[in-house]
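Protein chains: 4
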Amino acid sequence: MAGIERIGVSLEKELLGAFDKLIAEKGYQSRSEAIRDLIRQQLNDNRLTNDKAEAVAAVVLVYDHHATAIMERLTELQHSHVLKTISSLHVHLDHHDCLEVIVLRGKVGEINKMGEKLISIKGVKLGRVNLLANEGL
Amino acid sequence: MAGIERIGVSLEKELLGAFDKLIAEKGYQSRSEAIRDLIRQQLNDNRLTNDKAEAVAAVVLVYDHHATAIMERLTELQHSHVLKTISSLHVHLDHHDCLEVIVLRGKVGEINKMGEKLISIKGVKLGRVNLLANEGL
Amino acid sequence: MAGIERIGVSLEKELLGAFDKLIAEKGYQSRSEAIRDLIRQQLNDNRLTNDKAEAVAAVVLVYDHHATAIMERLTELQHSHVLKTISSLHVHLDHHDCLEVIVLRGKVGEINKMGEKLISIKGVKLGRVNLLANEGL
Amino acid sequence: MAGIERIGVSLEKELLGAFDKLIAEKGYQSRSEAIRDLIRQQLNDNRLTNDKAEAVAAVVLVYDHHATAIMERLTELQHSHVLKTISSLHVHLDHHDCLEVIVLRGKVGEINKMGEKLISIKGVKLGRVNLLANEGL
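Residue numbers (this note's numbering), protein chains in the order written: chain R, 32 to 168; chain D, 32 to 168; chain S, 32 to 168; chain G, 32 to 168.
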């Protein structure tokens, strides 16, 4: 892991006071940790606007398990050459609905395209693609 | 499951043409399915602004597995009386980083509060709370 | 303006009931109007992911009017050959802060780049770029 | 204005390197300025989750100017006792469409409610509410 550097940041007393209050509520132990999180989040958001960047994604789907098309498409997805499924989790929410979380790797553009395909399947009630940048987090 | 109703929707030719093109790209088989998804998403978003509403959430965390505090807090979370963990998934991303997906039930306000607590732990590099409404999806 | 078409949409009774309740709260006069808005919003979001698409943007800035650099850059912006400023609005919020709304036309990619430049200027406290698609709304 | 404080932040070399690169692209002159913007943005987002907080908002609407209902509602809005319109800007986009920016003050909850009402009016094609926190920016 890279070494640690220490930088100085100047900011208005009032802004610092409001920040200290907020991060205490959020449960942070130190300002550095809170600022590192802000920086990481910004870097992450920035990388994920690039369709060619490598990313890890957690795709969350809620679907009616009576819909069989979704099963087939999920299986196809596992055999995709473009995206690499790492792992998945299946939860029975109730009589009708399942929640599936699929963790996969691939390019941002490919992941988004695949996400749209999944969400459009009949029987899929909700879908989210959580993109997480895959380098220098 | 409830019966199916059929309603009429009037809209400009041009708007309909653009919509048909978009949903074909997204892979929808019918307009009804695409419109149901739009409606569900809007209902879902609306419910999730209510702190008291019951929801299912998929919390996604990336963290440095050398950070031990996160382990303890994740264990505490499993024993929470306010939120009910349903299932979780753990993925080794690389030498340093793990991805954890935790599926849980509880009130929107409690889930968000818990999410902030988790994200603020030292060693957690990224965190997302995916709220999914828990009724009438 | 294009002619009006009428399409049929089938959806579960329960989903329709929840939708009717929500749009009544929001103040819609008809389902068609509410569904048209959902469709337009989706089309708009989709277009705005394309860096080359023409768009109208309302850029909202809050800044300390003692910061002179921002004035210069705003002036440069008015003379840009890439973006075309249509109109702007200046509001004195209090002793220190001004709010400026700039309405302009240009390509999505150029507007976003310009937005980042403006937000990074010392003295700019907050900035938002509201992109609005420029065709077939 | 409050005095300036200087705090120390420790972070990994690699994270700092990526941050320096990003803020150079965005056009920042100093790390302090970039970090202050991240902090302000977080504070702002946090405040705006509180329905009771005072805020300034820039409401952006695109509408068909043949729709007369919108005009009436916009006029009512100017005379509201709950929200205080500060200023507004009207732009003719083309033959059919107008863009209106309304800058107003009020409580977050009231502003959001009003925004939904405006967006639901027949003839309004797109609407956005830009909330900006109104204290300690």
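Since the hints were derived computationally from the structure, they do not count as laboratory data. Any given hint could turn out to be false.
In this list, chains with the same sequence are indistinguishable; a pair is considered to hold if it fits within one copy or across any two.
[As the list claims (entries may be wrong)] Keeping only pairs whose Cα atoms sit at most 25 Å apart, straight-line, the calculated BS3-like set for lysine-lysine is:
#1 Lys153 to Lys83
#2 Lys115 to Lys57
#3 Lys83 to Lys138
#4 Lys44 to Lys115
Computed from a prediction, not measured in an experiment: that's the story for all the values here.
These are the hints, each one checked on the structure:
For a Cα distance limit of 25 Å, the shortest separation of Lys153 from Lys83 qualifies neither inside one copy, at 29 Å, nor across copies, at 30 Å. For the identical chains of this complex, Lys115 and Lys57 are inter-copy neighbours only, at 21 Å across copies versus 35 Å inside a copy, given an alpha-carbon limit of 25 Å. Taking CA atoms no more than 25 Å apart as the test, Lys83 paired with Lys138 passes in both settings, with 5 Å inside one copy and 21 Å between copies. Taking CA atoms no more than 25 Å apart as the test, Lys44 paired with Lys115 passes in neither setting, with 48 Å inside one copy and 30 Å between copies.
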